[in-house]
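Line by line, the protein sequences are chains A and B.
No gaps in the numbering here: position 148 of the first sequence is 148 in the numbering used here, and each next residue is one more.
No gaps in the numbering here: position 12 of the second sequence is 12 in the numbering used here, and each next residue is one more.
Please keep in mind that the hints were generated in silico from the structure rather than gathered at the bench.
Any given hint might turn out to be false.
To be verified - Straight-line C-alpha distance at most 27 Å; calculated BS3-like pairs for lysine-lysine:
| hint | chain 1 | residue 1 | chain 2 | residue 2 |
| --- | --- | --- | --- | --- |
| 1 | B | Lys273 | B | Lys160 |
| 2 | A | Lys182 | A | Lys82 |
| 3 | A | Lys182 | B | Lys185 |
| 4 | B | Lys160 | B | Lys185 |
| 5 | A | Lys82 | B | Lys9 |
| 6 | A | Lys115 | B | Lys273 |
| 7 | B | Lys185 | A | Lys115 |
| 8 | B | Lys57 | B | Lys240 |
| 9 | A | Lys239 | B | Lys240 |
| 10 | A | Lys120 | B | Lys4 |
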Amino acid sequence: MSSTSEAALPPTPAKEKKTKRFFGLKRRYLAIPYALFLVLFVVIPLLLIVGYAFSETNVVNGVKVTSFSFAAAASFFTSASKWSVLFVSLFTGVQTTIICLLLAYPAAYFLAEKKFNANKILVILFIMPMWINFVIRTGATRDLLNWMGLSGSTHPWGATLIGMVYNYLPFTILPLYTTMLKLDHSQVEAAADLGANPWHVFWRNVIPQTLPGIVSACEMVFMPVMSSYVISDTLSESKITLFGNYIYLDFSNSLWNEGSFMALLMLVIIGITMLLTRNIEKDPTGSRGGGLW
Amino acid sequence: MVNKASLWKRILAQCYIWILLLLMYLPVLVLIIYSFSTASLGQPIEFTWENYANLFKSREIQIAVGNTLILALVTAVLATIIGTLGAIGVYESRPWIKKTLEFTTQVPVVNPEIVIALSLIVMFVFLGGIFGGVKLSFWTLLAGHLVLTVPFVYLSVKPKLMQLDPALYEAALDLGCTPRQALWKVTFPEILPGILSGFLMAVTLSLDDFIVTAFTRGPGLLSGTSSIQTISTYVEGIIKRHPLPTDLRALTTFIFLAVVILVGSFMAYQNIKARNGKRRKGRKY
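All chains should be modelled from the sequences, with the hints used to inform the complete structure.
What follows is the structure, given as structure tokens:
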């Protein structure tokens, strides 16, 4: 009796184990199309960009010969106009980021107060412009500024900055708002009770508590501004050339090697900022409006 | 008396928020007001429906709107499928595969659009050199939009998977589900909110895109044999030299109304759901 029951029992767990592993493999297989997609459309294109950045193509005896070269890098580092584009882009990026932060910080603070914004309608109102086509919005901003006498031909800087802030403000408010919701008010009160003046409370307590939001807001604004094309092109009436515009120009003039090098440079700058800020815990879905829904 | 200071603070806060909102909406509002006039901005308004009539007559605008909507829907559906399956698959993968794929997913998220667009073009030309002629078409455009959107679907599904109790799936299998049934009946409903928000993100990103569209588009869709025009490329082509044409003011009104209606109904739905949820909870405990 006992031998038969023993003989009957063992297959069950073995079978279960086998099927479970089989299922585990099956679910894992679902990643294959995704991995192929990433390799084909993300990894290979970027490798090609790196390849173009460090090569040049010459026509020798009527045959195209591609060889390894630092020509694109050299042409970037020796060109004063490209350096100035880099600095103008950095400057515009920093300026826009600071203005956006200054405007968005108090707004996010008020919005995160429950009494003030019970059903989130105000937050939605701040985000809603993002769903109106941004090229139309940029055109509308330019026409309005023209009407007010702030046209790109007379005030290219002012017009571009206003357009940038107008477009990126929602992206600044959102991550700030998300971290402000988690703000520990008892800590703030404790600081005040223990004798810190309002300025100290703000500087030593509120700012450190909301630092992750500030960092992701900066990332959301700074790089996109540097690489933006439509806004600077439209609002400054092509008077201000940012990094994005320049890469665009290089490629439309078939200067692929130079364009690729600048694109690569941009990626390096992004990589550096990511490395510098990776220790600050961020809300991964807070970027690009992910915390919306 | 005591509350006077806090009352002032609240009034100040209200003023700040509303002034900021007013400034943000000003260009669009001005455009909508002037959609009832053919005068240029700043000129006196003479009420007319002419812009709206022109909008319904303009074949070009209709094609652009149609293309934009078709592209956004196809992109969003495909991106949702690839991204969701990818998230489930990656979640179950071996640690090193998981790490590699997660890192690669971050790349298009932080990559500037212009670099995405150019790297794709370079690849299409490169592939064309090897296999002979990859022509720009609807498919290359679709690929560009998928690169923009798929990572965001992935990122919105992933947290839902992390919240999911793995025992549920196992239990379903033990109770006799096939893996496909378990995935469809247990995992899928649990991660549905993440899938939906990923879908909406994909629609939003695709609708608004200019740079990737401008580079990767070819002939196709409603544009027939000429290059595909979306709202973004169509408008950009015009505003480079001219002010926004008057019939686009009418289009802006419609877009604005559509956004208000969609967002409004979404919020109403959320409120009803939240209220029902509360009621159910109350009954249960």
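Q) Hints broken by the structure, by number, lowest first? A) Of the numbered hints, 2, 3, 5 and 7 do not hold.
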